[in-house]
Structure formats: structure tokens, C-alpha cells
Amino acid sequence: MQAIAQPLQAIAGFAASLRDHGFTVGVAEQQALVQAALALPTARPRVVEAAWRAVACHRRRDWQRWPALFDAYWHPGRTQGKTQVSGQTRPSRDLRQVVQALQDQLAGAPGRGDSAPDAVLDERAPADGDAGRSQAQGGASLSDPLHDRALAQWLPQDLARLQQLADRIAERLRRRLTRRWQAEPNGRRLDLRRTLRASLATGGVPVAPAWRRARRERPRLFILVDVSRSMEVHAQLFLRIARAFVGAAGARVFVFHTRLAEVTPLLQRDSATVQEKVNAVAAGFGGGTRIATSVDDFCQRHARAQLGRGSRVWLLSDGFDADPPDALAAALGRVRGRGARITWFHPAAQAPASAAVQAARGAVQQFVRLATLRDLDAATPLLT
Amino acid sequence: MPEATHPATEPVDAAPAALAERLHRAGYIADEALATTLWLASELQRPLLLEGDAGVGKTALALALARAEGRRLVRLQCHEGLELAQAAYEWNYGRQLLAIRLHELDPQSLRETDLFDRDYLLERPLLQAITSAQPCVLLIDEIDRADEAFEAFLLEVLSDWQITVPELGTLTARHVPRVVLTSNGTRELSDALRRRCLYHWLDYPTLAREISIVRATLPLAEARLVEQAVAFVQRLRREDLGKTPGVAETLDWVRALHRLGRPALPDDPAALDATLGCLLKTRDDRFQFAPERVLRLLEGRAAVQTGEGVATRPG
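Protein chains in written order, with our numbering: chain A, 1 to 384; chain B, 1 to 315.
By construction, these hints were calculated from the structure, which means they are not laboratory data.
Mixed in with the good hints there might be a few duds.
In silico DSS-like pairs for lysine-lysine, Cα to Cα no more than 30 Å straight-line [said to hold, decoys possible]:
no.: 1; chain 1: B; residue 1: LYS243; chain 2: B; residue 2: LYS281
no.: 2; chain 1: B; residue 1: LYS243; chain 2: A; residue 2: LYS277
no.: 3; chain 1: B; residue 1: LYS281; chain 2: A; residue 2: LYS277
Quick list of the computed label-pair ranges, beta carbon to beta carbon [what the hints assert, rightly or not]:
no.: 4; chain 1: A; residue 1: LEU190; chain 2: B; residue 2: ARG118; range: 24 to 34 Å
no.: 5; chain 1: A; residue 1: TRP211; chain 2: B; residue 2: ARG238; range: 49 to 59 Å
no.: 6; chain 1: B; residue 1: GLY300; chain 2: A; residue 2: ARG218; range: 38 to 48 Å
Even glycine gets a Cβ: it sits at the ideal position worked out from N, Cα and C.
Isolated chain A (complex conformation) (with noise of 0.2 Å):
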């Protein structure tokens, strides 16, 4: 079998295998695992494949995906539920064969160990076509074109790049200089106090001094989610996002339809089941949309010691309020007389056209669209 006859091909197969499906697998990692297959008693494939894992896996990721890419390349015969390809059939490999022809080979050397399997995976990876064929099999790509696809067809790719864009807005977010001091080695300015007590260790000679700096903080960050029937098709995609800031900004989040209501203990936590939760929450409101009660409740009551200059309040909604039309211009008024900078997000293509919007257009600060994730990338420089 060609398999047999080229243990390190195979290997180097597997690695090439592992690399398609984003792996963080280099010629270190290939070495390593010529090694652990060379040290490894042959009768027990499952001790290399252990040892193996622990090689090329980086990340908790890696690891989940591995019995599956294990047994995809290895014993493709094995892998359950799903279609196999017909008309391309290549050779099984056996694990246990690999490594014992890999390791007779390497007897037989002369001068065995390390510097034989160095020299050969140096010119790195797939010789054969087998493992050439193996990469165009391999399931599932990684770079995925669905960018901004509906929601229900979220695949765990799209929630880290969700997550990725939230930290790099959230990395924008512009620190404010406030009055108070910080420790810091290398700082500017002498924290004479604390030096002084650090003297006494060393009988009075400054020895170690203590620095310190002015200390940055980043805005506070609310986000207020719409929850109303009219949303409800953009609320799953908006929740999704703020639970993302959550995490990478420490945003607060609420819902509101006819009352508002906080949600961020529910987001902070990983959870299946948060969809459920939020529900749970906004459960028993009544129908339509109050967004100017709402918004009055938040910053007079829920928000009212944190809201102040520099805050970002970003609204996600549709702007169909059952308030009266001027109530929203006011409450909103009253956020920005905080200091609280409004960002609003809607689903449509255009700003929101209702009345009470239009009314309260001077408070807010920017109209973003936010449909999918390509939108919210495209607004990563207007959110600073």
C-alpha cells in the first residue's frame, strides 16, 4: 500500500489535512508528531492518537473538531451521518501500520532519532495526491462567503467574527482621561507615597521607585434592544450583537417593548438557552411599542448614576413608537442634556421615517443600518 511505504507522507498528509481546517499546524507541530509516533508503543493507536491531539491541538476549538478530522482522515470508512462521495475512493490508511513502518524505517537508520524525520519533513507536506485529494474532501470550509446570511444559519465562524468585530469597536471606543491616578511601572509621575513607604523596607533609601499615570477610561456603552412585534425578526441578530459588546465592551443591555427591562446578567453568561431567557423577560408586556417611556425609564431610573459625558447610548430599533410623537424628542433630549452621545440602528435601508423620529432627529447623533454582520463591519469607523 502507498500508505505504508510512505508513513511520513501519510503523516505529513494528516498535517496538511489539519492545516485546511485551520489548524495552527507548522513544521514544529509535524515534527512532534513524527516523534510521539516513533516514542508510542504501535499496538495502541488510541495512545497516539492522545498524543497526537495534544500536539496539534492549540485551542479548546481545536479540540472539539479533532475526533472528527481524526476519523475523517484516518478511518473514513467510520465516520457516521454523513454522504459519502462516490467515484473517488482512496486507500485507507491504517494508524497502526503508518507508525510501525515509520518507526522499522527509522531502525533500520543509521543514526536514528531526531535529525532523520527532520530532514525529510523539511520540504514540507504533501507529496502524494492522496493527500492532495484528501484537502478537496475534507468537509467543511473555513472561509465561509456567507457573509451576511439570515439568522437561522448562524454557524459558530459567524459568532467569532461577530466577536472579533465587537472587540475591535469596542477598541475604538475613545478612553477618557479622568482625574484619577493608576499605578503603573512606567509611568510619568512619582507616586510619592507610595515610594516612601516602599523605603522603609530598605532603611529609608528610595530604591524601588513607585510611578504612576493618569487613568483612561472607556465610555460606558448601553444598548437598548427593541423587542416589539415589529422587531421581531432583527431582535435574535441585535441580542446576538449585544451580547458581543457585552463581553468586549461591558455593555449594559436592556429590552424594551412597553416597559424596559435589564438583560445583561442574562447575556453575560454562555449560554443555549438566552433567546429563552430574554423572553422569559419581556414576557407580559403589552403589545406595541413605547420606546419614549422606555427610553425615559432607562435614563431616569436604571442608568441614572452611570449615564453622563461621554456615555454611548446606541437604540436598536425601527423607531414605530406608540408614545406620542414628541414625547420621544424630549426623553431623548433628556439623555443627550446627560452628555450621552445616540447612536441609532435600524434594520431598514433608510433612517426611520415616523414622526416621532423625524421629531427627535437633533438628539440623535448618527442613523447606522444594521441588518447584518456586513453592516455592522461597514460601521466599525462610525462608532468611536
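Got chain A sorted already, so can you dock chain B onto it with the hints?
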């Protein structure tokens, strides 16, 4: 039990199995994959990065490894703002000043270089591990809490096994220590660090393994109590909890029930109420688990003996 995970067909010279055996004697029950990884880490002289939820036994593994190998354990607990002075070394300023004062009358007897001698160097965990005369196990606990600058410093230590002290030169390890790093994932670690380590994700133990862990730790507790309690905790972990109970919580709970003199889990959830504080550690979780819900979890009890493949002890 090691007999369960390593069948009798195991060749005697299989080093990973022998390591698992030693770990078992040191009070840690490792499965085959973990033992292999540990063995490989020593073979390749690579640090081992352990990740997993809180309470799955990451730190305990390092402690057990030190006991199993008969090595000294050097522990570095990471925290925010951890500095080189606390992690690697620091000059003993007090002693240096004292030496200067003592030699003030006779300035010739003390040269400046004498002050930067090893005698005046305070060795912190990293340097201790590097310079240790006997091989040791270095545990770098909760590396995700330290900042990135410290992580970068660790790269030199973990790949070249050396620390550079400007006044003394480079100190190289006499024996490469067995390094175990643990992380709870509060911060994403850098790729460079990850690539220098072997990786193992520690999951919550399976039912059988957890039962054997509890039995090994609390040999006096009734077998029926242990099995039922562990099965209960396993079911509890599948619920949506704010803080999922780890192995340590299971041990606490079984210990509490054992002290209360219970031979098995009571049928009445109210009787458990007082001890549930060992497992549920947030207010929300306590609130969620009203007696009815506990009862529902308790009622899965019949499945312990039949469904999940655990043999019951006769009698």
C-alpha cells in the same frame, strides 16, 4: 480505577500506563489520553497547557504529578499585574544595604560586584525552578490572569529553559522542569505561547471516573451514597447553571452527606436542601432549584444502576 482504564493486555513497559498508575497512587485518576499527554510532555520536554472549566482538577493534576514523580512542586500563582520581581527574581535590597553599612568602616573589604552575588538574589518561583538542584514540577497557575508582557517573558523561559539576570548573566536550567500551565480562559492566550506547549482540554469526568475519584478520596463513604450522589451531580451539570459544580464540589457534597450519616440520597428533596449549598454556589442557581426541581433530578436515580453502565457493588 486504573484497572478499568488499562486492561490487563497492556504491555508492562508501556510508560504512559505506568505513569497513570503512579498518578493513581498519588491520588489522581487520569484517563489514558491524559496520561499519554503527560508522558509525551516529559519525553519532548515541552510544557503542558491545561484548559478547562473551574473545578475539573487542573491544579490537582500538577500537585499529583509532583507527588507521583517524587519531585518538588514550585508554584507560581498568576494574577493581574504580576511582575518579574514576583515571578522570577529580585535583588535583596535590604541585605545589600546592610552589607554596605557593615563595611562602612572598612571600605576596602567590600567591592561593588560582591553586592550582586547570588547571595543577594531572592529567587522567585521561575528562577527556583530553573536553578533547582533536583528536578522539579513547575506549576504556572491561571496564566490567563497575568498580562501579555509577562506571557512574552515566559516564552524565553519555556523554550530555552533559561533566565537572564543582567548583573549575573544567563542562568540555564540544570534539569528541565516539568511545566504545567493552567488557564481558565478569561483571556485568550497568545499563539506563540500555545505553540510552545502541548495542549489538553480537561473536561468534567465521566460518571465512572468521577465515582472512582470520589471513592479514592473518601473511601469511608457508602458505595450507594457515592454512586447516587455522583449521578445526581452529573445530571445537575447538564442543567443550565450559572456555575457548574466541579469535582471539588462533588467531593464536598459527598463528604457533607457522609458526615450527616446518610447511607444513600434521601427521597425527600427538603432533606437535601441544607447540603445543596455545596453544589450550587450562586444565588440564581439556588433560586432555580426549588425542591420540585431537585426531586425531578433525584428521580432519575433508577438510571444509575441500569442505564449508565456502572457495576454496583454486591451486597
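Worksheet item: Hints broken by the structure, by number, lowest first?
Response: The structure conflicts with no hint, since it agrees with every one listed earlier.
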